[in-house]
Amino acid sequence: MAVVGIEKLTKRYEGGHEPAVREVSLTVADGEFMVLLGPSGCGKSSVLRMIAGLEPITSGTVSIDGQVVNNVPARDRDIAMVFQSYALYPHMTVYQNLAFGLRRRRVPAAEIERRVKSAAERLGLSAFLGRKPHALSGGQRQRVALGRAIVRDPKVFLFDEPLSNLDAALRVSTRNELIKQQNEIGITTIYVTHDQVEAMTMGHRICIMDKGEVIQVGRPLEVYGNPANTFVARFLGNPPMNLMKAELARTDGALRCRVAGTAIDLPIAFAAAGTGAILGIRPEDLYELPAPAGLGPIAEIAVRVIAVEPLGAETLLVLASADGAQEFIARVGRQTKLNPGDRSVIGLDIARIHLFDAETTKAIPNGSP
Amino acid sequence: METTAPSFLTYFRRSPLLLFLVLYTVISGGPFLWVAMMSLRTTPEIFDAPYAFPLHPHWEKFVEAWTKSNYGTYFWNSVIVVVTSVVLITVLGAMVAHALARYRFRGSRIVRFAILSGLILPPQLMILSLFQILLDYGLYNTLTGLIVVYVAGHLAITVYILEGFFAQIPQDLFDAARMDGYSDFEIFWRITLPIGVPALFTTVTLNFIILWNEFLYAVVLLTDDDKRTLPLGIMHFMGSHQLDVGMLATGLMITIAPIILLYGFFSETMIKGMTAGAVR
Numbered sequence: 044m045a046v047v048g049i050e051k052l053t054k055r056y057e058g059g060h061e062p063a064v065r066e067v068s069l070t071v072a073d074g075e076f077m078v079l080l081g082p083s084g085c086g087k088s089s090v091l092r093m094i095a096g097l098e099p100i101t102s103g104t105v106s107i108d109g110q111v112v113n114n115v116p117a118r119d120r121d122i123a124m125v126f127q128s129y130a131l132y133p134h135m136t137v138y139q140n141l142a143f144g145l146r147r148r149r150v151p152a153a154e155i156e157r158r159v160k161s162a163a164e165r166l167g168l169s170a171f172l173g174r175k176p177h178a179l180s181g182g183q184r185q186r187v188a189l190g191r192a193i194v195r196d197p198k199v200f201l202f203d204e205p206l207s208n209l210d211a212a213l214r215v216s217t218r219n220e221l222i223k224q225q226n227e228i229g230i231t232t233i234y235v236t237h238d239q240v241e242a243m244t245m246g247h248r249i250c251i252m253d254k255g256e257v258i259q260v261g262r263p264l265e266v267y268g269n270p271a272n273t274f275v276a277r278f279l280g281n282p283p284m285n286l287m288k289a290e291l292a293r294t295d296g297a298l299r300c301r302v303a304g305t306a307i308d309l310p311i312a313f314a315a316a317g318t319g320a321i322l323g324i325r326p327e328d329l330y331e332l333p334a335p336a337g338l339g340p341i342a343e344i345a346v347r348v349i350a351v352e353p354l355g356a357e358t359l360l361v362l363a364s365a366d367g368a369q370e371f372i373a374r375v376g377r378q379t380k381l382n383p384g385d386r387s388v389i390g391l392d393i394a395r396i397h398l399f400d401a402e403t404t405k406a407i408p409n410g411s412p
Numbered sequence: 065m066e067t068t069a070p071s072f073l074t075y076f077r078r079s080p081l082l083l084f085l086v087l088y089t090v091i092s093g094g095p096f097l098w099v100a101m102m103s104l105r106t107t108p109e110i111f112d113a114p115y116a117f118p119l120h121p122h123w124e125k126f127v128e129a130w131t132k133s134n135y136g137t138y139f140w141n142s143v144i145v146v147v148t149s150v151v152l153i154t155v156l157g158a159m160v161a162h163a164l165a166r167y168r169f170r171g172s173r174i175v176r177f178a179i180l181s182g183l184i185l186p187p188q189l190m191i192l193s194l195f196q197i198l199l200d201y202g203l204y205n206t207l208t209g210l211i212v213v214y215v216a217g218h219l220a221i222t223v224y225i226l227e228g229f230f231a232q233i234p235q236d237l238f239d240a241a242r243m244d245g246y247s248d249f250e251i252f253w254r255i256t257l258p259i260g261v262p263a264l265f266t267t268v269t270l271n272f273i274i275l276w277n278e279f280l281y282a283v284v285l286l287t288d289d290d291k292r293t294l295p296l297g298i299m300h301f302m303g304s305h306q307l308d309v310g311m312l313a314t315g316l317m318i319t320i321a322p323i324i325l326l327y328g329f330f331s332e333t334m335i336k337g338m339t340a341g342a343v344r
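Line by line, the protein sequences give chains A and B. In our numbering, each residue's number is its place in the first sequence (first place is 1) plus 43. In our numbering, each residue's number is its place in the second sequence (first place is 1) plus 64.
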């Protein structure tokens, strides 16, 4: 049970021009499941390794329960970590792997046995305690790695992309298993991944990073619904949010936006200043007409269908604006009758429009509820 | 009759390889067999018929060589020098290799270069300076002196082999052990060494064979008869005026036997360490 705080954490690798991690500040509450999400090379693993004590800190602080641990060696931080490669000791049996950390901490033998057995039971590993890692399947190895963290009963769990070596089916079941375990054990957890689905489904909160900086922190649906900039907008969601160049004009107390050859009257609450902007709309907020009942005002955009991608439950339409200048994706029902080459009109849910500053790419706040 | 077993044609196609292997075995194994046969025959018998089979083996020649001509002393000197050297080389070499493979520290490249440059220096080049240094430190004509020279001389190749192997051990294992609470030395002892066993076998066997047969340093750095190692002992049978071929062969067999045994036990592990090396 612990609160993990990081304050202006910076990491500069030798020979690197830019810092890998730049003034990252974040507080992870007691028992919280925090996901660090970002593309590869965004510094999320460096942050994790600095919290673990595996990587020296260039500047800033890491604290656990208010105590700065910058100078505490990894072995004394009482943190357990699950690695992407699992890092099971190949020369030890599953039992020895699980007990290795406890033996070093001088836990009495009987207690070690009790804890290892209970963790093995919890993870369904009891039958494999005598096996060496090379005789286990990928999923079993993953569970041993998790078990090794659990038996330690640490203050904090760290996960470094633990599911990326599993195949798709196993990943889903292991993901659910991890969520269940974390809920039951309730230990503060920091989880690094580049997979937005993992982030959305597992995290109590997610922290999105790019180029060594924190871009946005918040609950998954909050971040999904209100991305702080175009990077977050495109990183979360599959297919990503459509971004289109737009021109803004404020006339007679109305905010008019020209995009894809269409003029749309926006809610006046957008605090847009200049005339250039980026309009963002998620694929699921585009509709075939007539739009379903109960939606607010709809803007109609003339489009040409470029491709139709039926996914089974739904169908993705790749569309081009009538003038051909913009391309975007709409997520529509599977019953769509559109074919590539067709010209049609698509509806855009005005209430769901996001606006971003063309220069800074930051979201333009929308004052309306 | 039709068979599914390898046909004549298969054997025919493989025959060049087979021929090569037979030739190679004869060339490398023949002399050994010849010495083995001679070791059981007396010198007059050998002069009578050099290649004859020992129909009446003289096993007592081994006892004679061991007792009468100081062979026991040579043997134990060799055991002491070689075993001590190999143990020291292995422990020190593994520690150096671990450090070079695991830690990035200031000057690590220079240290690596300095150690590995020892690989290219021919031993003849160092013999004079070593002689002088050992004399200065009172280690000339002592087994300790020879051990020091052997250890120094064989660290380079040992570090070279072990570092290549250790560097392949995934860094995550070391990080995991650190998170599990182990110190740097404990990680070396409990992770690197056990995982590196195949590579360690390779260096132990290699060093043992080379040092067991080492002649140049031994002949220069040891003078007393009761300090000589086996290779020097063999030279003893070769007087300037006469050559006791029979006893020489017996002495050679005593010298070779431990190596053959060692190789027999460890060859498989050694080859595994030289070829595979991957830890998964």
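None of these hints come from the bench; they were simulated from the model. Certain hints may be false.
As the list claims (entries may be wrong) - Cβ-Cβ distance ranges computed for the label pairs, FRET-style:
1) B:W140 with A:S161: 54 to 60 Å
2) B:L325 with A:R148: 26 to 32 Å
3) A:R148 with B:R173: 55 to 61 Å
To be verified - A few chain A residues that face chain B, going by a derived Cβ cut-off under 7 Å, partial list only:
4) L97
5) P99
6) G103
7) G144
8) R374
Stated by the list, open to error - Just a sample of chain B residues kept apart from chain A, beta carbon distances all over 10 Å, derived:
9) P95
10) D112
11) E124
12) T148
13) I179
14) L207
15) L237
16) Y246
17) S247
18) I255
19) F279
The model shown is predicted, which means the values in this text are computed figures rather than measured ones. All residues carry an ideal CB built from backbone N, CA and C; glycine is no exception.
Going down the list of hints, with the structure as the test:
| no. | hint | verdict |
| --- | --- | --- |
| 1 | B:W140 with A:S161: 54 to 60 Å | holds, 56 Å |
| 2 | B:L325 with A:R148: 26 to 32 Å | violated, 44 Å |
| 3 | A:R148 with B:R173: 55 to 61 Å | violated, 37 Å |
| 4 | L97 | holds, 5 Å |
| 5 | P99 | violated, 11 Å |
| 6 | G103 | violated, 21 Å |
| 7 | G144 | holds, 4 Å |
| 8 | R374 | violated, 39 Å |
| 9 | P95 | holds, 41 Å |
| 10 | D112 | holds, 58 Å |
| 11 | E124 | holds, 48 Å |
| 12 | T148 | holds, 27 Å |
| 13 | I179 | holds, 23 Å |
| 14 | L207 | holds, 36 Å |
| 15 | L237 | violated, 5 Å |
| 16 | Y246 | violated, 6 Å |
| 17 | S247 | violated, 7 Å |
| 18 | I255 | violated, 7 Å |
| 19 | F279 | holds, 38 Å |
Checked against the numbered hints given earlier, this structure breaks hints 2, 3, 5, 6, 8, 15, 16, 17, 18; the rest are met.
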